[in-house]
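> Residue-level listing of the chains:
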Amino acid sequence: DAKTTQPNSMESNEEEPVHLPCNHSTISGTDYIHWYRQLPSQGPEYVIHGLTSNVNNRMASLAIAEDRKSSTLILHRATLRDAAVYYCILRDENQGGKLIFGQGTELSVKP
Amino acid sequence: GAVVSQHPSWVICKSGTSVKIECRSLDFQATTMFWYRQFPKQSLMLMATSNEGSKATYEQGVEKDKFLINHASLTLSTLTVTSAHPEDSSFYICSARGAGGGTEAFFGQGTRLTVV
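These protein sequences, in sequence, are chains U and D.
Letter by letter, the first sequence follows residues 1 to 111 of my numbering.
Letter by letter, the second sequence follows residues 112 to 227 of my numbering.
Excised from the complex, chain U in its bound form (with noise of 0.2 Å):
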């Protein structure tokens, strides 16, 4: 399974931008990159996905690097309910598209 190297934790100031960066080196041809965040004690919550083009949707941009080893997820005004624990992961559609959960980042946001 293709592996994303996230921080482990990011803070930010309420209605400010946010920038979550994530890595992955070893990403294919076929691996999407999807992002998803968990609230405590919830099943994750969709954010976004992509495969090469930069990708916008109501809750997030996601800006994907020319080569694709590295995406950037924004969050263009950061609420308090953003705080979450936010997941990049590839999904390899070859893969039966399963999604395989790093670490992720603790986003924290102070009001």
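Among the hints, erroneous ones may be present.
Stated by the list, open to error - Capping the alpha-carbon separation at 30 Å, the derived lysine-lysine pairs in DSS-like fashion look like this:
#1 U:Lys3 x D:Lys175
#2 U:Lys69 x U:Lys98
#3 U:Lys3 x D:Lys152
What the hints assert, rightly or not - Quick partial rundown of chain U residues pointing at chain D, CB under 10 Å, derived from the structure:
#4 Ser28
#5 Tyr32
#6 Tyr36
#7 Gly43
#8 Glu45
#9 Lys98
#10 Gly102
#11 Gln103
Stated by the list, open to error - Covered by chain U, according to a simulated footprint, are these stretches of chain D (three or more residues, beta-carbon under 8 Å):
#12 155 to 166
#13 215 to 224
Treat the hints as calculated values from the structure; they're not laboratory data.
On a predicted model such as this, the values are computed, not experimentally measured, just so you know.
For each residue, glycine too, the CB sits at the ideal point set by N, CA and C.
Assemble the complex: chain U is given as a structure, and chain D must be docked to it using the hints.
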């Protein structure tokens, strides 16, 4: 996003008994479902992958006779923890996705199992 519902949200059972957890996709057909477990302060660990109508594929180290998975329809998968012991106490989470490459997976809210 799509809705995946787990039931029950929490369960307490006696050691030696079996517990069944249900996972339903409410508004889409889930061709593939995944089961995870999560211990406190740890990440999710994939236990098995099931495709509708097929036997589940278990990850290395997961006992298939202890964790029985059934995926009999496109909207329902069940995980049965047989002969539960206190060390099986954990947070169990299911995930479901539809057919087609690039489709995202959606997660249930999780089931907290406590074996006493």
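> Hints first: check each against the structure and report whether it holds.
Hint by hint, here is what the structure shows:
At roughly 26 Å between alpha-carbon atoms, Lys3 of chain U and Lys175 of chain D fall within 30 Å of each other, so this suggested pair holds. For the hint pairing Lys69 of chain U with Lys98 of chain U, the CA-to-CA distance comes to about 20 Å; that is within 30 Å, so the pair holds. Distance restraint check for Lys3 of chain U and Lys152 of chain D: the Cα-Cα separation of roughly 20 Å lies within the 30 Å cut-off, and the hinted pair is therefore satisfied. Hint status for Ser28 of chain U relative to chain D: violated, with the closest Cβ pair at about 14 Å, above 10 Å.
Given the 10 Å rule on beta carbons, the hint for Tyr32 of chain U holds: about 6 Å separates it from the nearest Cβ of chain D. Nearest Cβ of chain D to the Cβ of Tyr36 of chain U: about 8 Å, under the 10 Å cut. The hint holds. Hint status for Gly43 of chain U: holds, given a least beta-carbon distance of 4 Å to chain D, under 10 Å. With a least beta-carbon distance of about 7 Å to chain D, the hint placing Glu45 of chain U at the interface is held under the 10 Å criterion.
A cut of 10 Å between beta carbons decides the hint on Lys98 of chain U: the least distance to chain D is about 5 Å, and the hint holds. The interface hint given for Gly102 of chain U is met, as the beta carbon of that residue sits about 6 Å from the closest beta carbon of chain D, less than 10 Å. With a cut of 10 Å, the hint placing Gln103 of chain U at the interface with chain D holds, because the nearest CB-to-CB distance is about 5 Å. Only when three residues or more bring their CB closer than 8 Å to a CB of chain U does the claim for the region 155 to 166 of chain D stand; here the count is 5, and the claim holds.
Proximity of the region 215 to 224 of chain D to chain U, defined as three or more residues with a beta carbon under 8 Å from a beta carbon of that chain, is established by the 8 residues found.
Violated hints amount to a single one, hint 4; each of the other numbered hints is respected by the structure.
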